Amino acid sequence: LDELKKQLLAVGGLVEVAIHKATVAVFERKLDLAEEVLAGDREIDEREVAIEEEYLKVLALQQPVATDLRFIVAALKVNNDLERMGDLAVNIAERAVMLAKLPPAPMPTGIRSMVTKVEEMVRDSLGALVAVDVDKARRVLIADDEVDEIHRRTFDEMQTLMRQHSDQVERATAVITISRNLERIGDQATNIAEDVIFMVEGEIVRHGGF
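By the count of the working numbering, the sequence shown reaches residue 235 at its end, each step adding exactly one.
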């Protein structure tokens, strides 16, 4: 199980890098970084499939019980959460490419603070998994509410922009999509944090019950 945990964390590292590159591509209009995210998604997908197969083999052959069984169930969910994060990073990278084709314009301040919070949530959720730290996991759940609120504000701001400036519709739509994907990455980090709590305490805390 230790080796499988290392493989899972390696994928987590790839996903963290993909999210960071995608968001830098948005702010700095760097198409090369966006392309790296798009090209790297296949490796994340392939690793997710390989890890799932290995965990299912352990389930079938070793028939783990109690804590080990909870770890495997949680790890299978985390594996899927990480793959989804990779897909969401791709979505952000695609919007970075779109925005780079438009005239430069300031990004809403909410997006930058959202990026900071979401990257921290991903880092903390993986840190909670490594250290089996329930307190850190619960902090991720709290941060998710803050990210949701920033997303709501950004959505409202962009809707207002589109109503007042019809020439900004394409840009505002891309910003809303970026914000929504960041919010969903936060949701996936929250899922991982919830899986850590389940792994340690056997307590299912899905759907915001913490």
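Treat the hints as calculated values from the structure; they're not laboratory data. From a predicted model like this one, the values you see are computed outputs, not experimental measurements. Do not rely on the hints blindly, as some may be mistaken.
[Stated by the list, open to error] Computed cross-link-like contacts, DSS-like style, restricted to lysine-lysine with a CA-CA straight-line distance of at most 27 Å:
1) Lys30 with Lys161
2) Lys82 with Lys161
3) Lys142 with Lys102
4) Lys55 with Lys30
5) Lys30 with Lys126
6) Lys102 with Lys55
7) Lys30 with Lys82
[Stated by the list, open to error] With beta-carbon atoms standing in for the labels, derived distance ranges:
8) Met132 with Asp173: 18 to 24 Å
9) Val42 with Ser138: 29 to 35 Å
10) Lys30 with Ser191: 19 to 25 Å
11) Arg148 with Glu53: 19 to 25 Å
12) Gln184 with Glu79: 42 to 48 Å
13) Gln193 with Arg109: 48 to 54 Å
14) Glu226 with Lys31: 48 to 54 Å
15) Lys31 with Gln184: 41 to 47 Å
Cβ atoms here follow ideal geometry from the backbone N, Cα and C, with glycine treated the same way.
#### Entry: Pair hint Lys55 and Lys30, alpha-carbon separation not exceeding 27 Å
Distance ~33 Å between Lys55 and Lys30 Cα, so the pair is violated.
### Query
At the C-beta level, are Val42 and Ser138 separated by a distance inside 29 to 35 Å?
21 Å, violated
### Query
Range hint 19 to 25 Å: satisfied by the CB atoms of Lys30 and Ser191?
Since the Cβ atoms of Lys30 and Ser191 sit about 52 Å apart, the hinted range of 19 to 25 Å is violated.
### Query
Within a Cα-Cα threshold of 27 Å, do Lys30 and Lys82 meet the stated pairing?
14 Å, holds
### Message
Range first: 48 to 54 Å. Now tell me if the beta carbons of Gln193 and Arg109 are that far apart.
### Response
For Arg109 against Gln193, whose Cβ atoms are near 30 Å apart, the range 48 to 54 Å is violated.
### Message
Between the beta carbons of Lys31 and Gln184, is the distance compatible with 41 to 47 Å?
### Response
45 Å, holds
### Query
For the pair Met132 and Asp173, does the Cβ-Cβ distance stay inside 18 to 24 Å?
19 Å, holds
#### Entry: Pairwise hint evaluation, Lys161 against Lys82, where the allowed Cα distance is 27 Å at most
Distance of about 30 Å is beyond 27 Å: violated.
### Task
Can you let me know if the beta-carbon spacing of Gln184 and Glu79 is within 42 to 48 Å?
46 Å, holds
### Task
Note whether the CB distance of Arg148 and Glu53 lies within 19 to 25 Å or breaks it.
Once the Cβ atoms are compared, 21 Å apart, the range 19 to 25 Å for Glu53 and Arg148 holds.
### Task
With a cut-off of 27 Å on the C-alpha distance, tell me whether Lys102 and Lys55 pass.
33 Å, violated
### Message
Hinted pair, alpha-carbon criterion (27 Å max): Lys142, Lys102. Please report holds or violated.
### Response
Given pair Lys142, Lys102 holds - Cα atoms ~22 Å apart, limit 27 Å.
Of the hints listed earlier, those the structure fails to meet are numbers 2, 4, 5, 6, 9, 10, 13, 14, in rising order.
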